[in-house]
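Number of protein chains: 2
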Amino acid sequence: MNANHTKYSEYELLMKRLADLKYAGAVLQWDQETYLPAKGNEHRGQQLATLSEMAHELFTSEKTGDLLNILLHQQNHLHAAQRRNLELTLEDYDRNKKLPSAFVRAQTEAVHESFHAWIKARKENDFTHFSAPLQKVIELKRQEASLQGFEQHPYDALMNEYDRGLTVAFTDQLFASLRHSLSPILEHVRSKPQIENHFLHQHFNKDKQWAFGMELLNRLHFDFEAGRQDVSEHPFTTNFSAKDVRITTRIDENDFGNMTWSCIHECGHGLYEQGLPNEQYGLPLGEYCSLSIHESQSRLWENCIGRSLDFWKGNWDLVMKYFSEELDQVSVEQFYKGINRVTPSLIRTEADELTYHFHVMIRYEIEKNLIEGNLQAKDIPAVWNELYENYLGIKVPDDKNGCLQDVHWSHGSFGYFATYSIGSLYAAQFWKTMGNDHPALRHDIQRGSTHLAHQWLQKHIYPYGRYYNSASLCKKATGEILNPDYFIAYAKQKFSDIYA
Amino acid sequence: MNANHTKYSEYELLMKRLADLKYAGAVLQWDQETYLPAKGNEHRGQQLATLSEMAHELFTSEKTGDLLNILLHQQNHLHAAQRRNLELTLEDYDRNKKLPSAFVRAQTEAVHESFHAWIKARKENDFTHFSAPLQKVIELKRQEASLQGFEQHPYDALMNEYDRGLTVAFTDQLFASLRHSLSPILEHVRSKPQIENHFLHQHFNKDKQWAFGMELLNRLHFDFEAGRQDVSEHPFTTNFSAKDVRITTRIDENDFGNMTWSCIHECGHGLYEQGLPNEQYGLPLGEYCSLSIHESQSRLWENCIGRSLDFWKGNWDLVMKYFSEELDQVSVEQFYKGINRVTPSLIRTEADELTYHFHVMIRYEIEKNLIEGNLQAKDIPAVWNELYENYLGIKVPDDKNGCLQDVHWSHGSFGYFATYSIGSLYAAQFWKTMGNDHPALRHDIQRGSTHLAHQWLQKHIYPYGRYYNSASLCKKATGEILNPDYFIAYAKQKFSDIYA
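Heads up: the sequence lines are chains A and B, in that order. With the working numbering applied, the first sequence corresponds to residues 402 to 901, in that order. With the working numbering applied, the second sequence corresponds to residues 402 to 901, in that order.
A couple of the hints might just be wrong.
In this list, chains with the same sequence are indistinguishable; a pair is considered to hold if it fits within one copy or across any two.
Under the rule of at most 25 Å between Cα atoms (straight-line distance), these lysine-lysine pairs were calculated in the BS3-like manner [what the hints assert, rightly or not]:
| # | residue 1 | residue 2 |
| --- | --- | --- |
| 1 | Lys779 | Lys796 |
| 2 | Lys440 | Lys417 |
| 3 | Lys876 | Lys609 |
| 4 | Lys440 | Lys860 |
Just so you know, the hints here were simulated from the structure itself, not pulled from any lab data. Remember, it's a predicted structure, so these values are computed and weren't measured experimentally.
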């Protein structure tokens with residue numbers, strides 16, 4: 402064992418220790434969303450804060466910086482993967498070092514306050530309760546952008562947290578072109594008779610929905626030996642290693658769709674986490690590439706696969722096994738059309754594949770202006786409602802169905818939303834490429850198997866962790882960087898077929 | 402705010418931070434026993450080790466010692482409760498400092514190895530797989546005793562971890578007197594016709610058992626807003642604050658008793674944890690007194706209350722609600738006798754109230770000899786089987802039903818077992834005292850309420866945390882220190898009535 406090797410082991414040990422702390426926090430958070438008794442909340446926030454503070458202290462110590470620098474200056478004996486781990490860790494280290502502990506604590510406190518204000522505001526359906534605490538969070542996010550530094554736009558520094566290298570310049574252009582291309586498709590849809598889908602809103606027994614979802618997950622290759630599903634108010638995916646990936650769902654007995662596609666969506670996230678290289682536990686190459694790529698995984702399964710006619714042909718037996726009473730008068734073709742009905746609506750998470758992007762663009766526009774300082778928190782409701790009128794042609798009746806619907810701002814997650822749309826665009830590009838690579842893909846899915854799709858992702862996406870950034874990973878997997886035309890073509894064909 | 406006050410706040414902050422780490426570990430452990438997917442185990446051990454290592458490092462730092470000493474030397478401005486917290490923390494600090502980090506790590510590793518060896522040995526029903534790893538743990542426990550120091554017997558140092566001040570001298574005498582008094586009662590029982598209890602071994606539906614247990618817990622004042630019950634292989638209680646107490650149970654469909662009394666037993670532990678002073682989170686006065694007192698709580702509810710005729714008279718409606726089909730031919734008196742049937746048996750956790758103590762004494766004798774160095778791990782099976790023959794008159798057929806039944810040794814928990822018996826003795830003493838203090842106690846219980854019992858414990862046991870040690874707490878609550886005569890009198894009356 403040479404000295405470099407020993408030093409690298411020291412680095413690995415430190416990173417695993419940090420991961421242990423981080424994942425312990427994730428267990429506490431998962432528990433908070435699933436099983437925590439009401440009064441247990443009292444100490445849970447503090448417990449989580451302590452874990453993240455200790456991780457921050459450990460990671461940003463001078464010792465960590467010294468170790469990384471020594472290793473990177475003696476990198477001639479390291480493998481490419483080892484070097485890449487070190488480079489990425491040094492990037493993270495530098496970014497973390499730029500935020501003083503006092504600033505991190507101030508942010509934690511502000512977020513704590515704004516989250517509770519958001520809860521209250523939602524409960525009372527009145528944004529004004531949220532306005533001042535949110536403005537405080539925004540000021541800190543603006544400060545964070547300055548501390549991190551940026552070349553063109555302060556919002557770049559924040560988006561960078563979720564997708565390394567994502568910029569306002571790129572996103573503005575992307576969204577403009579998306580709006581330009583989606584508008585005629587939406588207009589076409591609106592000119593046609595609306596699709597029938599009342600059969601999705603019958604009463605669907607809770608236990609049956611749960612069992613149906615679990616069987617679906619099994620078919621989709623979710624590994625229940627390395628993960629589980631539970632119920633929470635808002636579905637999410639978390640993981641404590643690639644061998645312990647937890648997804649959650651919610652069940653609405655009057656809506657077939659709520660659980661079904663949240664199940665498939667989270668499964669897409671879950672498969673990605675289960676597919677990351679386990680031996681890289683705690684190291685960047687064991688972590689997901691970016692939030693955009695993560696979302697590409699959930700959207701690919703939820704929409705490209707999970708809202709396709711092929712998929713439901715392949716799984717109609719399962720629908721009939723649990724819901725023949727409710728759905729045996731519905732053909733799989735009617736079902737397919739019903740689950741793809743396009744309607745401008747108020748709530749992002751319930752939106753169809755087309756209008757979804759407009760929901761995201763609205764949030765993106767608002768955030769950009771908030772971070773620029775051109776918009777104050779108190780003015781959000783007015784701007785929100787105006788944009789919903791402009792982009793989707795609908796009137797927002799109140800704040801709960803408007804600007805209070807998402808938790809993100811109360812959490813201080815600014816720069817996050819764009820990755821939802823971008824993820825969908827990546828999804829369409831991956832979907833097209835895997836179809837080209839596997840001519841039997843659709844046939845496979847029609848037969849109720851998603852083996853080929855999973856295999857393609859296992860080969861082209863999962864194994865790389867953070868080795869490539871989103872753009873390079875996409876180029877490597879599909880031959881070109883992100884190109885929204887794939888999504889446009891997919892949407893045009895799908896919805897002109899459905900709304901023929 | 403004076404300087405002492407500020408320093409005391411610094412101490413409180415440190416202790417809360419330590420508690421956050423400790424309880425985070427407890428959440429991970431709870432999750433491991435209840436919901437962890439199989440492959441998730443791979444990283445969980447390391448995650449737990451990191452949390453406890455970081456807590457140990459933080460607690461045993463020189464800074465902690467300095468802070469405690471400064472505070473204790475300026476204690477003139479502190480309240481009695483604050484002073485007591487500091488004294489107890491200093492005791493803990495000194496005990497922790499005596500164990501070097503390298504020793505703690507060696508012990509963690511040895512325990513990890515011995516635990517897995519125990520699993521294998523149990524699976525193959527062969528103690529020899531466990532023998533060498535266990536001997537390694539024993540050597541480290543002997544070393545631990547030397548490092549901690551002791552006045553008379555090395556085993557004193559280990560028992561002290563579970564019940565401050567408990568000694569071999571005291572326990573030897575206590576157990577001798579217990580054996581002396583219990584033997585004639587056991588002989589009396591044996592001279593009488595055996596009691597019928599086959600009705601407890603019918604088929605009892607799993608879901609109904611669960612619902613029955615949950616209702617029982619509600620009646621017993623377990624606060625489900627500050628706790629929950631889940632299923633695990635071995636029932637246990639854990640907590641992450643007084644406001645988040647988790648108990649677990651197991652269900653055997655062919656045994657009414659397995660879940661029922663584990664439920665009541667763990668509820669006793671749980672009520673204690675829920676009753677500890679929440680505002681002392683992280684401080685000694687917010688922690689349980691000792692394992693003996695903890696066990697007194699579970700045994701008091703399980704046996705003194707939960708195996709009494711009064712209790713089942715008061716809750717017969719619940720039995721009938723769920724199990725009228727199975728039990729409506731059984732009178733509550735027959736039921737009472739059946740659940741109190743005395744039979745020498747192989748498995749400690751399934752033993753009746755009388756023979757239970759002999760199971761414990763056997764383990765105590767063996768441990769004492771192992772720590773003295775008069776017995777080697779490899780010789781345990783022979784000694785074990787001989788003691789079961791001598792004390793209980795039964796032949797041990799194999800290691801699984803013999804010396805491999807308990808997990809404790811594989812975990813390195815030496816000095817623990819005696820607290821099980823001692824807890825039962827405290828329980829009888831508390832039970833008698835609360836009966837004297839509340840003449841309506843039995844009547845209350847017969848009416849299906851355990852309010853008075855709970856109230857007594859809330860007044861005399863729960864609020865003190867570690868302020869008093871076991872002996873002082875008992876003296877304060879009952880007027881005298883531990884006196885086994887209470888248990889003897891209780892047992893004599895109960896079992897001579899049953900075996901009339």
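Status of each hint after checking the structure:
1. In this assembly of identical chains, Lys779 and Lys796 lie within 25 Å of each other by CA distance solely inside one copy; the values are 19 Å within and 79 Å between copies.
2. With identical chains, the CA atoms of Lys440 and Lys417 are at most 25 Å apart between copies only, with a shortest distance of 18 Å across copies and 32 Å within one.
3. Taking identical chains as interchangeable, the C-alpha atoms of Lys876 and Lys609 are never at most 25 Å apart, the minima being 42 Å within one chain and 57 Å between chains.
4. In this assembly of identical chains, Lys440 and Lys860 lie within 25 Å of each other by CA distance solely across copies; the values are 22 Å between and 46 Å within a copy.
In summary, the structure is inconsistent with hint 3 from the numbered list given earlier, while agreeing with all the others.
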